[in-house]
Amino acid sequence: MFGLGIKRKVKFFIKVNWIKTVYFNFKMFPFKIAKKLPVFFYGSVKFTSLSGEIVIDAPIKIGMIGFGQPYEMTTRSRGISEINLSGVLVLKGHIQFGNDFFIYIKENAYCEIGHMSSMATLAKLICTYKVVIGKWVRIGSESQLIDTNFHQMKNTKTGELYPMCNPIELGDYNYIGNRVSIMPKTKTNSYCTVASNSILNKDYTDLGTNILIGGIPSKLIKNDISRDWEGERARIEDFLIFKK
Numbered sequence: 007m008f009g010l011g012i013k014r015k016v017k018f019f020i021k022v023n024w025i026k027t028v029y030f031n032f033k034m035f036p037f038k039i040a041k042k043l044p045v046f047f048y049g050s051v052k053f054t055s056l057s058g059e060i061v062i063d064a065p066i067k068i069g070m071i072g073f074g075q076p077y078e079m080t081t082r083s084r085g086i087s088e089i090n091l092s093g094v095l096v097l098k099g100h101i102q103f104g105n106d107f108f109i110y111i112k113e114n115a116y117c118e119i120g121h122m123s124s125m126a127t128l129a130k131l132i133c134t135y136k137v138v139i140g141k142w143v144r145i146g147s148e149s150q151l152i153d154t155n156f157h158q159m160k161n162t163k164t165g166e167l168y169p170m171c172n173p174i175e176l177g178d179y180n181y182i183g184n185r186v187s188i189m190p191k192t193k194t195n196s197y198c199t200v201a202s203n204s205i206l207n208k209d210y211t212d213l214g215t216n217i218l219i220g221g222i223p224s225k226l227i228k229n230d231i232s233r234d235w236e237g238e239r240a241r242i243e244d245f246l247i248f249k250k
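So the mapping is simple: this note's numbering equals the position in the sequence shown, first residue as 1, plus 6.
Note that these hints are calculated values from the structure, not bench results. Everything numeric in this text was worked out from a predicted model, so none of it was measured. Among the hints, erroneous ones may be present.
[As the list claims (entries may be wrong)] Computed Cβ-Cβ distance ranges for the label pairs, DEER-style: (1) I86 with Y168: 30 to 38 Å; (2) I68 with A240: 19 to 27 Å; (3) F156 with G237: 37 to 45 Å; (4) S202 with T162: 34 to 42 Å; (5) P169 with K225: 30 to 38 Å; (6) N114 with T164: 27 to 35 Å; (7) E166 with F245: 49 to 57 Å.
Backbone N, C-alpha and C fix where the C-beta goes; we use that ideal spot for every residue, glycine too.
From just these sequences and the hints, can you work out the full model?
This is the structure in structure tokens:
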């Protein structure tokens with residue numbers, strides 16, 4: 007693990023849940039992929055269902071996908087991570103989930119996550135229809151992506167039934183604060199920053215790029231603003247990309 011140093015290398019290997027890691031890789035991938043152990047699990051995790059499909063659309067490398075990966079300020083876990091995978095999950099590079107994540111992908115649903123995207127501690131991803139997350143989308147702790155209303159709603163005058171679910175699509179280089187709820191119909195352009203404690207529930211692409219949005223529901227707060235992605239790129243890649 008060149009660049010991480012011996013201490014960090016040992017730390018990574020100690021924290022890996024090797025039983026769940028080996029089981030998951032050899033259950034979900036062909037042998038030629040599984041033997042490379044592209045997916046690492048850190049700490050406790052419950053596999054509620056693994057009846058779906060996981061696809062890695064990128065060159066296969068050891069530990070490139072980290073579930074429960076220790077990359078944040080928090081150093082302890084509640085041990086409540088859970089995966090319920092009945093649909094299709096496509097991972098397009100190095101992906102990280104923090105401690106105590108919850109992932110639910112319903113049968114026939116499709117979820118895609120881009121290279122170097124992440125969801126931090128206590129993140130929740132519920133996909134019943136379609137969720138697409140671009141590359142370098144960094145989502146803060148206790149945030150959630152939910153593409154469904156869970157229960158059928160109707161117009162009490164006409165009897166019209168409203169759709170229960172709608173797709174979510176996040177552009178590249180989105181920086182999402184903590185405790186943000188990303189709901190059905192949300193769509194963002196690249197280089198969108200979202201303030202903490204906000205709710206997203208519509209198409210924001212007409213606001214352009216390099217914007218800050220926030221509030222309940224979110225609205226435009228500021229133009230011509232972005233996280234310094236290029237300034238942080240080397241540090242983030244060195245810390246988050248697992249290297250032998």
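Hint check:
Hint check: I86 to Y168, Cβ distance near 32 Å, so the stated range 30 to 38 Å holds. Between I68 and A240, the C-beta spacing of about 21 Å keeps the proposed range 19 to 27 Å intact. The hinted range of 37 to 45 Å is satisfied by F156 and G237, whose Cβ atoms lie roughly 40 Å apart. At roughly 35 Å, the beta-carbon separation of S202 and T162 lies within the given 34 to 42 Å, and the hint holds.
Checked against the hint of 30 to 38 Å, the pair P169 and K225 fails, with Cβ atoms roughly 24 Å apart. In this structure the hint that N114 and T164 lie 27 to 35 Å apart at CB holds, the actual value being about 29 Å. A C-beta distance of roughly 50 Å is found between E166 and F245, which places it inside the suggested range of 49 to 57 Å.
When held up to the earlier numbered hints, the structure conflicts with hint 5 and nothing else.
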